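2 protein chains.
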Amino acid sequence: MSTPNSYERVELEGLSTSFFLNNRQRFIKNLKEHIVSLPENSYLFLMGGKDLYRYDNDDELFYFIQESNFYYLTGVLEANYYATINLTDASVSLYIPQPTEREKIFLHWETLEQIAEKYKCQTFDLVKLPQEINRLNPKKIYVLNGTNSDSGNKVLTCDYVFPAPYDKLNDIVDHDELIYEILADTRTRKSQEEIDLLKYINQVTVEGHVEAMKKIAKNYKNKIIERDVENYFFGYTRRKLYSRNHPYEHICGCGVDGATLHYINNDQELKDGQLILMDMGALAGGYVSDVTSTVPVNGKFTEKQKQIYDIVLDANKQVQNNAKPGVSWTEMHLLAEKVILTGLQNLGLLQKDYSVDDMVKDRVAYYFMPHGLGHLMGIDVHDAGGYLSFTPERNKEKGLDCLRTARYLEPNMVLSDEPGIYFIPYLLEKGFNDEKVSKYFVQDKIKEYYDFGGVRIEDDILITDDGCVNLTEGLPRTTEEIEKTMSSN
Amino acid sequence: MSTPNSYERVELEGLSTSFFLNNRQRFIKNLKEHIVSLPENSYLFLMGGKDLYRYDNDDELFYFIQESNFYYLTGVLEANYYATINLTDASVSLYIPQPTEREKIFLHWETLEQIAEKYKCQTFDLVKLPQEINRLNPKKIYVLNGTNSDSGNKVLTCDYVFPAPYDKLNDIVDHDELIYEILADTRTRKSQEEIDLLKYINQVTVEGHVEAMKKIAKNYKNKIIERDVENYFFGYTRRKLYSRNHPYEHICGCGVDGATLHYINNDQELKDGQLILMDMGALAGGYVSDVTSTVPVNGKFTEKQKQIYDIVLDANKQVQNNAKPGVSWTEMHLLAEKVILTGLQNLGLLQKDYSVDDMVKDRVAYYFMPHGLGHLMGIDVHDAGGYLSFTPERNKEKGLDCLRTARYLEPNMVLSDEPGIYFIPYLLEKGFNDEKVSKYFVQDKIKEYYDFGGVRIEDDILITDDGCVNLTEGLPRTTEEIEKTMSSN
Chain A
1438 MSTPNSYERV
1448 ELEGLSTSFF
1458 LNNRQRFIKN
1468 LKEHIVSLPE
1478 NSYLFLMGGK
1488 DLYRYDNDDE
1498 LFYFIQESNF
1508 YYLTGVLEAN
1518 YYATINLTDA
1528 SVSLYIPQPT
1538 EREKIFLHWE
1548 TLEQIAEKYK
1558 CQTFDLVKLP
1568 QEINRLNPKK
1578 IYVLNGTNSD
1588 SGNKVLTCDY
1598 VFPAPYDKLN
1608 DIVDHDELIY
1618 EILADTRTRK
1628 SQEEIDLLKY
1638 INQVTVEGHV
1648 EAMKKIAKNY
1658 KNKIIERDVE
1668 NYFFGYTRRK
1678 LYSRNHPYEH
1688 ICGCGVDGAT
1698 LHYINNDQEL
1708 KDGQLILMDM
1718 GALAGGYVSD
1728 VTSTVPVNGK
1738 FTEKQKQIYD
1748 IVLDANKQVQ
1758 NNAKPGVSWT
1768 EMHLLAEKVI
1778 LTGLQNLGLL
1788 QKDYSVDDMV
1798 KDRVAYYFMP
1808 HGLGHLMGID
1818 VHDAGGYLSF
1828 TPERNKEKGL
1838 DCLRTARYLE
1848 PNMVLSDEPG
1858 IYFIPYLLEK
1868 GFNDEKVSKY
1878 FVQDKIKEYY
1888 DFGGVRIEDD
1898 ILITDDGCVN
1908 LTEGLPRTTE
1918 EIEKTMSSN
Chain B
1438 MSTPNSYERV
1448 ELEGLSTSFF
1458 LNNRQRFIKN
1468 LKEHIVSLPE
1478 NSYLFLMGGK
1488 DLYRYDNDDE
1498 LFYFIQESNF
1508 YYLTGVLEAN
1518 YYATINLTDA
1528 SVSLYIPQPT
1538 EREKIFLHWE
1548 TLEQIAEKYK
1558 CQTFDLVKLP
1568 QEINRLNPKK
1578 IYVLNGTNSD
1588 SGNKVLTCDY
1598 VFPAPYDKLN
1608 DIVDHDELIY
1618 EILADTRTRK
1628 SQEEIDLLKY
1638 INQVTVEGHV
1648 EAMKKIAKNY
1658 KNKIIERDVE
1668 NYFFGYTRRK
1678 LYSRNHPYEH
1688 ICGCGVDGAT
1698 LHYINNDQEL
1708 KDGQLILMDM
1718 GALAGGYVSD
1728 VTSTVPVNGK
1738 FTEKQKQIYD
1748 IVLDANKQVQ
1758 NNAKPGVSWT
1768 EMHLLAEKVI
1778 LTGLQNLGLL
1788 QKDYSVDDMV
1798 KDRVAYYFMP
1808 HGLGHLMGID
1818 VHDAGGYLSF
1828 TPERNKEKGL
1838 DCLRTARYLE
1848 PNMVLSDEPG
1858 IYFIPYLLEK
1868 GFNDEKVSKY
1878 FVQDKIKEYY
1888 DFGGVRIEDD
1898 ILITDDGCVN
1908 LTEGLPRTTE
1918 EIEKTMSSN
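Protein chains in written order, with the numbering used here: chain A, 1438 to 1926; chain B, 1438 to 1926.
Think of the hints as simulated: they come from the structure by calculation, not from any bench. Among these hints, one or two may not hold up.
Note that the list lumps identical chains together, so a pair holds whenever it fits in one copy or between two copies.
[Unchecked claim] In the DSSO-like style, the derived pairs of lysine-lysine whose C-alpha atoms are separated by at most 30 Å in a straight line are:
(1) K1708 - K1541
(2) K1655 - K1591
(3) K1469 - K1743
(4) K1541 - K1876
(5) K1591 - K1466
(6) K1541 - K1591
As the structure is a computational prediction, the values presented were derived from the model and not from experiment.
Chain A with its partners taken away, still in its complex shape:
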């Protein structure tokens, strides 16, 4: 797979307007497939993200990130806009607050004409929004309404209230949750342009991970901190992508820290003989990667580390060998569980008297991997569309309830494939004391791993017509490849 280069300056120049026109057209097509009675002259009315400040003061909280649905459909990078999308021809109108005299002096601002040219759309002063929408004489004004299935948080709804004399427009505002669901569903299947962008981000992420691996091996004797490792990666991707924001809080956990799934302190010193788990992704053009490597601090796996690592790598690869359209993601999770259980049984950490199928049925793998196999990806790290009213619902069984989607795979979906084995004493003790599963564990053997930490191997995969491809290709993954990379300074 070659590295696409057309996105190298995307953080400086933005994506093309056709990228987002394509998103809108695919959304409208999907909408028409679900809603046969979509009225003519109907519009989607969107509110973009607003500037946020740090508590009471006047410092902006962080470099502005656009709300994901607004971004997906418009590509607009600025805060405080509203938009309507014509659901017949996919055209966009933007309603833009105009700068005050003071802002004209202080800020880099563009005229409505410049913004219209930049986004290839109509632009209006925000104060003219009600009369402009009224002029369209819409039959229906849809707004997004729904709940993110990962967070349980409500989707950002356009809460604009039309004032008199345009207040009759409020009567045709439609909050049907299906509209949001169809948008979320559209987001799960990527366009070729989205795929190319994700490939590019993944390739830079691979380079950043390699940079981190090499610098760890070079510097670990100098009392470096997990935070340094975070900086090796972020320094690299920030230089290469020009991006300022993280896609998520990076996890760099050495030794036992690797067993804290959402470990973000990253304040401990790396020690010779430890593994370090690095969950570090990049962001560009509003899309993200999510990649984890686990490597030995000193560049050389111990036999014990290699044994656990190879089980996780096997799970990661078997998922990639089996993921294809029509396969259930739950089935892939269970496949990874089986590989992990088999491996741990062979290593003597699980009793040999029981079958792996029994252990799967009794949800034993949960005690070593208390998270889902992976998740949809795109604009959000945990991307929208995991659970919708027209897709399989969340499984209630232990561990399976962590899965961020139970969907059947479709071409052009992008997901993370991230099995792991962690030794979390708190969780394992719960297993030892649970009468349903305690019989499966070889407790003394497992306790030998209490200071081990964890191993996770996370690639981003693209579902194709007949299988999947690994967007994270090129990252050293076998223990031999990692050792070679870390000794090649």
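Assemble chain B onto chain A, guided by the hints.
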């Protein structure tokens, strides 16, 4: 001035508990000076910052930053806490939400005992808050209430409502705005520990600016972007301080971008012959620096650039020569204006027929420096306490209305000293068309500077007993020093 080293690992290890005890004691002392009738057994009840998520999804918005007042008084770095401060003995109790079973597996969490030890205070499960506060039998429960004078935003108030059977506690909650004002006032005068920390952050900031200057000179021929310059600095300070957040959005503006006061795009290519204005500060231990350098992209000032630069540097230095306790900050602003107006008149940009005093009276400097001379600094870049009910009120005159404080200087205040000259065509044309001031401008001469951009020179200064010291000492400031630094790769 030597570089203090005791704060090198502050982002990893936190500040000492005595740092914050000192803050509390000084606050209580100030409180007692203002409020003679402070009831015995009274408490300040505080709500800390809460976790924020990126719109509807489950990604945290950014690395958590504690609310400034909560941080100042408690030093607590974690989200979602409440606190009471005993206004007699300055002791703290923390009320802490306890992790769910899932969080115990996913997060790095500490027991109430561990947190009590870490912060040297009492700790309680948040669910026990009402009975614990009831047990204290308080006479008065103060909460913060007020408005930030920079942003106009309300201060984060503790909005906790005591449930039955403890609801009579709601009757003794006191929202007196004076309490917040006294806290903000206390924050304006730094302790020795705060000063040492600010010195350290400033010294690393100086190193980061020098790094940026050298790298610009080394790389400007390779089509580098303003964003690269931002990365030179942030890469350095992130490595050195281990800090993840910016104190504010960095400004790197080359050429005309230097005249956009809050220019944050930083997406243009540096060009030979331009100046670049770099407003880049650092953050560590919850405190910040705010420093601006303006340097020639190619390492060598033109005569035209040097002339403007030297005026600004003169203004910056004259402020430092005159700032001392008892002097009004407004007076310092006017001093900087006079230096700038005199310089521009000597250069032939302002008519020689008028006196500088006339120009000051008619607010002419505003058209070249439409911002205040500087602001209080500390935890917030624009720190609290600029305007309070017991300090001088905001001046209404053009330009002076931008000042973030009009206070009389006091020992241990820390402020930025940041005069500038900018050529903002939009603003200058307003001046040319304003009948009150148009007579002062030599329009043709000024128009020769429309592509010049701007120069700002910003140091952080500490008011001492009889003057001030420059915390940003060591940064190359004269044109000779800058040229020498940029040629010394």
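Report task. Could you check the structure against the hints above and give me the numbers of any it violates, in ascending order? Result -> 2 and 3
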